[in-house]
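Protein chains in written order, with the numbering used here: chain Z, 14 to 418; chain S, 14 to 418.
Calculated directly from the structure, the hints in this document are not laboratory data. Any given hint might turn out to be false.
Since the list gives no way to pick one copy over another, a pair counts as held whenever it fits inside one copy or between any two copies.
[Claimed, not checked] Calculated cross-link-like contacts (lysine to any residue; reagent style SDA-like; alpha-carbon spacing at most 20 Å):
#	residue 1	residue 2
1	K68	V378
2	K68	R37
3	K233	T257
4	K68	I129
5	K132	P154
6	K233	R44
The structure presented is a predicted model; accordingly, all values stated were derived computationally and were not measured.
2 protein chains.
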Amino acid sequence: MALIVQKYGGTSVANTERIKNVARRVAEYHRRGDQLVVVVSAMSGVTDGLIKLAKEITPLPNERELDVLLATGEQQTIALTAMALHALGVPAVSLTGAQAGIVTDGVHTKARIRNITPKAVRELLQSGAVVIVAGFQGETPEGEITTLGRGGSDLTAIAMAAALKADLCQIYTDVDGVYTADPRIVPTARKLEEISYDEMLELASLGAKVMQSRSVEFAKKFGVVFEVRSSLNDNPGTIVKEETKSMEGIVVRGVSLDKNQAKVTLVGVPDRPGVAARIFKALGDAAINVDMIVQNISHGDGPPTTDLSFTVDKADLLKARKVIEALQPELGFREVLANENIGKLSIVGVGMKSHTGVAGKMFEVLAREGINIDMISTSEIKISVVIDLARAEQAMRAVHAAFIG
Amino acid sequence: MALIVQKYGGTSVANTERIKNVARRVAEYHRRGDQLVVVVSAMSGVTDGLIKLAKEITPLPNERELDVLLATGEQQTIALTAMALHALGVPAVSLTGAQAGIVTDGVHTKARIRNITPKAVRELLQSGAVVIVAGFQGETPEGEITTLGRGGSDLTAIAMAAALKADLCQIYTDVDGVYTADPRIVPTARKLEEISYDEMLELASLGAKVMQSRSVEFAKKFGVVFEVRSSLNDNPGTIVKEETKSMEGIVVRGVSLDKNQAKVTLVGVPDRPGVAARIFKALGDAAINVDMIVQNISHGDGPPTTDLSFTVDKADLLKARKVIEALQPELGFREVLANENIGKLSIVGVGMKSHTGVAGKMFEVLAREGINIDMISTSEIKISVVIDLARAEQAMRAVHAAFIG
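With the rest of the complex left out, here is chain Z (with noise of 0.2 Å):
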């Protein structure tokens, strides 16, 4: 007998059927003798459906309010999925987060968690039923309704294992697991038994869209060890837990490929302190999220200047050529380029810790195929590089073959 957290998403929930489907799994655990806390998120349309009301009524509608109505769709699914439990035969009560105990700040569409008092959902495990919890929301210690932002619910699961010391917390999501690249690029792309936080980090936050890296960061703060699988399926999926000591035999985790990035270049930047602080500064006031940055060493004859490039989403990019080109007449650099027509491939494994000439060999591995490194960006377990867009997907499935097969 275990205690086990189950989170089910927008698709695993899509509609009355699926809710059906969920509850099945749900009670085959229930009669093995398991305690069952189940979060669940909103049907998959209902929140857009809302938001597109909220829309018809204001452009900007108030975040306090806007919460209110959000909330209600992970309210409805928690309803619905008892219903489909009391179906079963299965005794099951509904929670939404405040009654659930899931108290966060006031921070509306992006509360953070500040604490769980899971003293109802205990006492209704130990009466026997099953709790279903809904997801992506709590309220603040004055009663007002929040929201958790994107990916919510996940942390909602995470959150409710670590607070129950639960025995196994399950993300069923629409994917079978981590891949070690996405196999629709990669044919010879395999499922991962095992990953360590920091990988899934790395990849999620490279475009391995499984998971939100705010979940990940909270599991490996509290040490929860969650399992991603598929609610389609009865296949094992993959484990994340802290890293071990044989997981370091595996150099390369994965390879991503994010394509959803655009490059700015600044030309004849003067070298001279506080330039760089001037423009990341700028462009965070603007609320452009940067992510790699490469400053090549000072060149040229008279007062030294230097090329300094970062990538940004490629939503993000005329917003941030606006916020530099107004900081030119300030810092007088040169030029500024913007190249949207790139991809970013990365190569992650905790096993870069311990090896040396990884990152020889992935450079090889482009060079043997042609392609030309534009950006290069490494850290304690990730290298990063950017190249030729067109030419992107051959660069990861030519990486995966060198380091994974």
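Given chain Z's structure and the hints, the job is docking chain S onto it.
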């Protein structure tokens, strides 16, 4: 400056355009300095859609979970209404039933309001905000979500007006007010300026479906004066209040026709104590609502027998027959007759208390029209007759012409 509670029903908030209309009306009151509490229902169709989802899951959904599900309808409207007010520059905050301090008993899907603690509402009003409250819902002292059943939003508004000692309570609906008769049947029907609680109660329970009886009863109990008016125009509506001396000058306030009743007659019922009790206890146990009951005097040779007639909702007729037929061996009545083709015509007015000959005049009007009377039942302020359905509208027009014009 007045404290006003306004209630808008499902058709008044049917879509985002209508919600904007509601916001414009509320904004006008706010601008002239009134304090406003606005109670809203679910957008029309939303509640039915949610019930449909629940029925897809299971034919008999658990009532606690049904409340969790249905309460989302009003929660969506409050958020959208608050946003619409913001768009007009009016400060507004939405509150769920629970947040507004509406405490109910635990009878899910038809909970009763136990008390209201309008602390949050008062504080928000004092801060200058319009307070938008979700109708139809509350929570138990243990924090369970409840709904108040049919007409629940009217009840929320009237209870809130009582708790806040509001100066005015306006029930906005899709009719202009309370009429002397249904204008679709009686073209000369006119809107009443005022009506007493008791008259409204008799008219409401008799088929003038402006409001549910229990909201009127609640208003009467707590002395809440309210106005029924249209959300589609600016016409004054009908004021509902305690009866005054001047009201007694008008003998008949309104005429109503209920086409939804069926008549059951037990012929040859042994006339001994406890028989009627046995019959109506059995109907009550089967949750069948009995309206009129008429028993004739005993007659015949041999052991005394009587004929007993009563009316029930047409929808309950089959069930009522079964209940009655099951009692035949025990009670030994001769036969059961049923008639669905009846209309129940009523005249209502507090003036009847001090005027004599009202019943006689009504029967004379019907006789002149050649309409036979099947059953008669009277109360202090009401006279009802059961007549042939085919002649019922003709009878209604004749009676309206004779008493009202």
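Hint by hint, here is what the structure shows:
For a Cα distance limit of 20 Å, the shortest separation of K68 from V378 qualifies neither inside one copy, at 49 Å, nor across copies, at 59 Å. Proximity of K68 and R37 under a CA criterion of 20 Å is satisfied inter-copy only: 17 Å between copies versus 37 Å inside one chain copy. Proximity of K233 to T257 under the C-alpha cut-off of 20 Å is restricted to the intra-copy arrangement: shortest distance 13 Å within a copy versus 72 Å between copies. In this assembly of identical chains, K68 and I129 lie within 20 Å of each other by CA distance neither inside one copy nor across copies; the values are 32 Å within and 33 Å between.
Taking identical chains as interchangeable, the C-alpha atoms of K132 and P154 lie at most 20 Å apart whether they share a chain (16 Å) or sit on different chains (16 Å). Neither within a single protomer nor between protomers do K233 and R44 lie at most 20 Å apart by alpha-carbon distance, with minima of 31 Å and 53 Å respectively.
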